[in-house]
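Number of protein chains: 2
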Amino acid sequence: MPVGTAGAVKGVLPSLLEETATEIILANTYHLMLRPGVDAVQRIGGLHRLMAWNRPILTDSGGYQVFSLSELTRVDDEGVEFSSHVDGARVHLNAEIATDIQCRLGADIIMCFDECTPFPVDPGRLEAAVRRTIAWARRCKAAHEHFAETQNVASLLFGIVQGGIDPELRRRCAGQIVDIGFDGYAIGGLSVGEGHNNTMSTVELTAPLLPHERPRYLMGVGMPVDILAAVQAGVDMFDCVLPTRNGRNAFAFTEQGPVRLRNSVHADSAEPVEAGCDCCGCRHFTRGAIRHFFNCGEMLGPILLSLHNIRFYQRLMSNIREHIERGDFAAWAVGQMQSYTWTDNS
Amino acid sequence: MPVGTAGAVKGVLPSLLEETATEIILANTYHLMLRPGVDAVQRIGGLHRLMAWNRPILTDSGGYQVFSLSELTRVDDEGVEFSSHVDGARVHLNAEIATDIQCRLGADIIMCFDECTPFPVDPGRLEAAVRRTIAWARRCKAAHEHFAETQNVASLLFGIVQGGIDPELRRRCAGQIVDIGFDGYAIGGLSVGEGHNNTMSTVELTAPLLPHERPRYLMGVGMPVDILAAVQAGVDMFDCVLPTRNGRNAFAFTEQGPVRLRNSVHADSAEPVEAGCDCCGCRHFTRGAIRHFFNCGEMLGPILLSLHNIRFYQRLMSNIREHIERGDFAAWAVGQMQSYTWTDNS
Chain A
1 MPVGTAGAVK GVLPSLLEET ATEIILANTY HLMLRPGVDA VQRIGGLHRL MAWNRPILTD
61 SGGYQVFSLS ELTRVDDEGV EFSSHVDGAR VHLNAEIATD IQCRLGADII MCFDECTPFP
121 VDPGRLEAAV RRTIAWARRC KAAHEHFAET QNVASLLFGI VQGGIDPELR RRCAGQIVDI
181 GFDGYAIGGL SVGEGHNNTM STVELTAPLL PHERPRYLMG VGMPVDILAA VQAGVDMFDC
241 VLPTRNGRNA FAFTEQGPVR LRNSVHADSA EPVEAGCDCC GCRHFTRGAI RHFFNCGEML
301 GPILLSLHNI RFYQRLMSNI REHIERGDFA AWAVGQMQSY TWTDNS
Chain B
347 MPVGTAGAVK GVLPSLLEET ATEIILANTY HLMLRPGVDA VQRIGGLHRL MAWNRPILTD
407 SGGYQVFSLS ELTRVDDEGV EFSSHVDGAR VHLNAEIATD IQCRLGADII MCFDECTPFP
467 VDPGRLEAAV RRTIAWARRC KAAHEHFAET QNVASLLFGI VQGGIDPELR RRCAGQIVDI
527 GFDGYAIGGL SVGEGHNNTM STVELTAPLL PHERPRYLMG VGMPVDILAA VQAGVDMFDC
587 VLPTRNGRNA FAFTEQGPVR LRNSVHADSA EPVEAGCDCC GCRHFTRGAI RHFFNCGEML
647 GPILLSLHNI RFYQRLMSNI REHIERGDFA AWAVGQMQSY TWTDNS
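Protein sequences, first through last, are from chains A and B. Using the working numbering, you'd call the opening residue of the first sequence number 1 and step up by one each time. Using the working numbering, you'd call the opening residue of the second sequence number 347 and step up by one each time.
What the hints contain is simulated information worked out from the structure, not anything from laboratory work. Heads up, the beta-carbon is just placed ideally off N, CA and C, and yes, glycines get one too. Just so you know, not all the hints are guaranteed correct.
[What the hints assert, rightly or not] Covered stretches of chain A (in silico footprint by chain B; criterion: 3 or more residues with CB under 8 Å from a CB of chain B, positions within the stretch not fixed):
(1) 67-73
(2) 265-279
(3) 326-337
[Claimed, not checked] A few chain A positions that, by computed beta-carbon distances, are all more than 12 Å from chain B:
(4) Arg131
(5) Arg171
(6) Glu255
(7) Gln256
(8) Tyr340
Please take these sequences and the hints and turn them into a complete structure.
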């Protein structure tokens, strides 16, 4: 899922996003509730209308952003209070409010409100976060059922497993979240600085604890090599800002390794960013032209590389699905992971 | 002609530009010669390849920018020297160099190198500028013929009439430029602060002095009301940054008047920017969404309004052509000009 934080995948028109074979996008409840606000989104006609996106949208619950971006003024079992980064206003968020907001935005998949811990974290705080995440998941499910019944609106609700890199807490959290029962399950609280090996050992431990017949979603991950390893562990869904954020910074993902378009080696290049790529940038523009656009601060640079990187990721996911269906994913992934090791030092 | 100063119509992909019914765009020789440089453009594959634009491109000669943007270090009958705004390097430009650069860029229509004067201007300087513009036009024509013969490249060369708002100088310049003989003729040196009435009286004087059977091009103009008046005077072609520059500043042109998308009145609006408009912004996005994008600094705001404004201008030009063919342009234009008087106080 490409990320449309504030209701737009940065620089990418929906018609062009469809051309990348993107099937679903993510939008951030935290950003949208602060600006333009859920009432404004409803008056505009809902999140799909705001974004002019007719395919599915998943919203996160705001939990990650509240705990990582905002100035918290209160955290307890009831919920949290924080200061808005837009205007400093005090904002209240809890399981019921986060669920209500996501339902009112009109998302197709909504996420439970959870407590996301940093890395490293005090063991006591981690355990409390797991306890709250479980209790809040129960409240989210009730709020979601209530909303679905009273408003006659159908959306899917996903539970989130927390627990840092502690195997015992991950096991306990996964068991209880699965017991509550959700339409899909997410592994949250990773890619917060714990490093690739810790991420992967936690994913490999947690994914098999989640029902095989439900979507398993690894939140906020990641580099191509991380995605391949996580799929190997049983993960189905991902969201990540890397394709668009790196694209805006003149970094292109290719099967042959990263291409940094600000590099003067590309100044006179009549080659596409990635030979054989069918994105609109690679079909029509040269590396030399895109480098020139970045040099001049032309918007076309970020636009073209965001589109290319999203297309690169969608092609990766399509290849993954193809090899899973063919039954040779594991063998294929080993070779792929080797060819993507450049991602570690980029 | 939408303006693609540095080799890109800011924020607008070529495929989307084609959808606005744009047939020809303008690029600036001055900007391109400094960055990426004409050698780099040639190695990339020419200006059409750089811009990924397969329809015609007109390049200006650099004259206007040299005299308005750069720090001049020498001006005489031979040519000019100026400091590059990119790296301070001393750059030499004259009739032969400007013609050679435009031919090498691969433009379809190239412009004579001219001396553009500010407003107001000392009469002696204005007369010298007209004298040089005529002498340089003769040299540009010879250089263009030489290039066409030796390089076997076909492009059209347009002459430019200067003379400020002095009727006698405009008459003299037009007569001599027409005597030299060009594929088309431009009226330059206007929209530099002389005001609407001076612009229009000069256009009304000059346009009829140019051959009826050749394209007549008013450079750097303008607002819808200016375009309607200039067409009435006999002008066929225009270039202007207003559609894209105003679009980037949240200003939308509509037949009902300007719409300023930062205005809070649009916060909850589910209406399109202009009802009935077939641009991709108006077809898919609400005013409320576009206002939100500008509020958040999302690129989609400038992208969508640039596209809308270009489409607005192309629709205006299409309507003009239709009424000319129908034979009722003059009567129709009077009504149109009244409905566009808002452009004066916007």
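Okay, the hints, checked on the actual structure:
1. For the segment 67-73 of chain A, the proposed coverage by chain B is not satisfied: 0 residues have a C-beta within less than 8 Å of a C-beta in that chain, short of the threshold of three.
2. For the segment 265-279 of chain A, the proposed coverage by chain B is satisfied: 4 residues have a C-beta within less than 8 Å of a C-beta in that chain, meeting the threshold of three.
3. Counting residues of the segment 326-337 of chain A whose beta carbon lies closer than 8 Å to any beta carbon of chain B gives 0, which falls short of the minimum of three for the stated coverage.
4. For Arg131(A), the condition that its CB be more than 12 Å from all CB atoms of chain B holds, with the nearest at approximately 35 Å.
5. At roughly 40 Å, the least C-beta separation between Arg171(A) and chain B is larger than 12 Å, which holds for a residue marked as non-interface.
6. The beta carbon of Glu255(A) sits about 23 Å from the closest Cβ of chain B, which is more than 12 Å, so the claim that it is off the interface holds.
7. Under the 12 Å C-beta cut-off, the non-interface status given to Gln256(A) relative to chain B holds; the minimum distance is some 21 Å.
8. Distance check for Tyr340(A) against chain B: the nearest CB is about 29 Å away, which clears 12 Å, and the non-interface claim stands.
In this structure, the earlier hints numbered 1, 3 are contradicted, and the remaining ones agree with it.
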